[in-house]
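Kindly generate the complete structure, drawing on both the sequences and the hints.
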Amino acid sequence: GLESAHHPFTAPQPGQEELLYTHPEKVQGQHYDLVLNGTEIGGGSIRIHNSQMQRYVLEEILKEDSSQLNHLLQALDSGCPPHGGIAL
Numbered sequence: 001g002l003e004s005a006h007h008p009f010t011a012p013q014p015g016q017e018e019l020l021y022t023h024p025e026k027v028q029g030q031h032y033d034l035v036l037n038g039t040e041i042g043g044g045s046i047r048i049h050n051s052q053m054q055r056y057v058l059e060e061i062l063k064e065d066s067s068q069l070n071h072l073l074q075a076l077d078s079g080c081p082p083h084g085g086i087a088l
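Reminder that position 44 of the sequence shown reads as 44 in the working numbering, one-by-one numbering, no gaps.
Calculated pairs, SDA-like style, for lysine to any residue (alpha carbon to alpha carbon, straight line, at most 20 Å):
#1 LYS63 with LEU20
#2 LYS63 with SER4
#3 LYS63 with THR22
#4 LYS26 with PRO8
#5 LYS26 with GLN54
Simulated from the structure, these hints should not be mistaken for laboratory data.
Pasting the structure below:
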């Protein structure tokens with residue numbers, strides 16, 4: 001099976017959403033690194049903002065119990081806007 005390398009919330013690259021359902025191993029994530037003189041000084045990602053997609057990633061691809069994340073899934077259902085972050 002597949003597992004997430006860092007966390008299971010990174011959105012797929014635009015145009016690759018359907019690959020989640022057919023070939024999840026081919027999906028590229030919307031994540032980025034900030035590198036200065038060959039050293040990583042930061043990184044981040046755009047998060048999944050669709051509750052159905054997030055639930056599918058957790059339950060069907062990763063075989064995780066999503067009940068611990070009901071608060072996140074409910075926020076996404078309520079119209080949480082697209083979001084992301086970076087850590088330096």
